[in-house]
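Which chain is which? The protein sequence lines are E and U, in order. Position 46, counted from 1, in the first sequence is what numbering that gives the first Met the number 0 calls 45; the numbers after and before it change by one each time, with no gaps. Position 116, counted from 1, in the second sequence is what numbering that gives the first Met the number 0 calls 115; the numbers after and before it change by one each time, with no gaps.
It is worth saying that the hints were derived from the structure and are not from the lab. There's no promise every hint is true.
[Unchecked claim] The calculated lysine-lysine pairs, modelled on DSS-like cross-linking and capped at a C-alpha distance of 25 angstroms, are: (1) U/Lys43 <-> U/Lys27; (2) E/Lys190 <-> U/Lys77; (3) U/Lys27 <-> U/Lys77; (4) U/Lys53 <-> E/Lys190; (5) U/Lys124 <-> U/Lys43; (6) U/Lys77 <-> U/Lys43.
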Amino acid sequence: MMNWFQGLGHSSLLLFERLGRAATFQIQVLLSLPSLFKQPRLLVQELYSIGVLSLAIVVISGLTVGMVLGLQMYNTLIDFGSEDSLGPVVALSLVRELGPVLTALLFSGRAGSAVTAEIGLMKATDQLSVMEMMAVDPVKRVVAPRYLAGVISMPLLAAMFSAVGILGSYMVGVGLLGVDDGAFWSQMQDKVSLDGDIFNGIIKSFAFGLVASWIAVFEGYDAVPTTEGVSRATTRTVVHTAFAVLGLDFILTAIMFGDN
Amino acid sequence: MQTNRAVEILVGMFVAAGIAAFFMLAMKVSNISAFTEKDVYQLKARFDNIGGLKIRSPVRIGGVRIGRVAAIAYDDRKLEAVVTISIERSHSRIPDDSTASIFTAGVLGEQYISLEPGGSDDFFKDGGVIGETQSALVLERMIGKFMMGTGAAKNGKKTP
């Protein structure tokens, strides 16, 4: 019995210790962000490997999600003769929820796991220690550019996801199923508000970008420096980001859209 | 150096595409046209019952949208709902004996204010009050009236 309590206490202490390390690491990363102004080239390189290379999967997913959404919503709405509201239904669900959340999940799978594996392997092969020996701060040189690139990329990717998704549902709804072109856009413009829906969607994707990048760089930096440790850390990045994004999404939705 | 240039170009295109997506969401998808409040003037209308009317519901004349509901308040002296509507300045020639009614678009659609132009030569000015109004039709009340009406008709036939 006592052993059981000891095990519980041990694992909770480990959890709290890890949370504390994550928090101090986050502060350390934030403090080293200004040094990126001196070396913008590092940031550009990471924007390429995190943002540009994620573009294909985000755009293709956005297109298919939009097309499927248009098709399914049409089948339901046609029963009530209100297929003209296809535009607002698709736009609201994409801009408010699906765009930010799905982009964050794709992002952690495509870019977050790569960042964790990269930093973890650098640690396992002692590259980070070598940098420290050469008086180069690895947080400034390796972690900060990846973190900031993730934070910048996420809202851009989410906006592209939503925009491409709306175009996809337009192609299916108007092009294929015969929804009225004018009604599709005008109803959408009637129902979607700039500050209420689009700005909140951007704030959401920004928050997800912070969380996903934080988890990715921390898991890499905190990984056990072995082959197995790095692979575990990569898995943890994807799983923890999914939990964090979905939980945060519920809280943000309750705050933003709960009262109407 | 060459690869660096390619990377920078691709990053530039990525950022530009992201900004273009924001721009499209803002201009094409959202109601930014309603935000650039052109010139509007406001009228007030009093209703016994506004049904499901909401702020930002459309105001129409002859089916054409000319404005929106700006505010809804309750006057507890006169026990009426006071609806403030803002109408685009370009539609300033609305006769001041026009009537306002609350209609529903379709059976289950949203509710809107329809203005029926009167015959007066004078037009509404900013802050004017629409005198004649017709409240929203509440479905339950109509069904109630209908049932009472048929009941009364039956009774009326029986009594003589």
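So if I understand the rule, the pair passes when the alpha-carbon distance is 25 angstroms or less; does lysine 27 of chain U with lysine 77 of chain U pass? 43 angstroms, violated
Are lysine 124 of chain U and lysine 43 of chain U close enough, with their CA atoms no more than 25 angstroms apart? Judged against 25 angstroms, a Cα distance of about 11 angstroms means the pair holds.
Would you check the hint for lysine 190 of chain E and lysine 77 of chain U, treating anything up to 25 angstroms between C-alpha atoms as holding? 33 angstroms, violated
Quick one, are lysine 53 of chain U and lysine 190 of chain E close enough, alpha carbons at most 25 angstroms? Distance ~13 angstroms between lysine 53 of chain U and lysine 190 of chain E Cα, so the pair holds.
Under the criterion that the straight-line Cα-Cα distance not exceed 25 angstroms, is the pair lysine 77 of chain U, lysine 43 of chain U satisfied? The given pair, whose Cα atoms are some 14 angstroms apart, holds under the 25 angstroms limit.
Between the alpha carbons of lysine 43 of chain U and lysine 27 of chain U, is the straight-line distance 25 angstroms or under? 32 angstroms, violated
Hint compliance for this structure: hints 1, 2, 3 are broken, all remaining hints hold.
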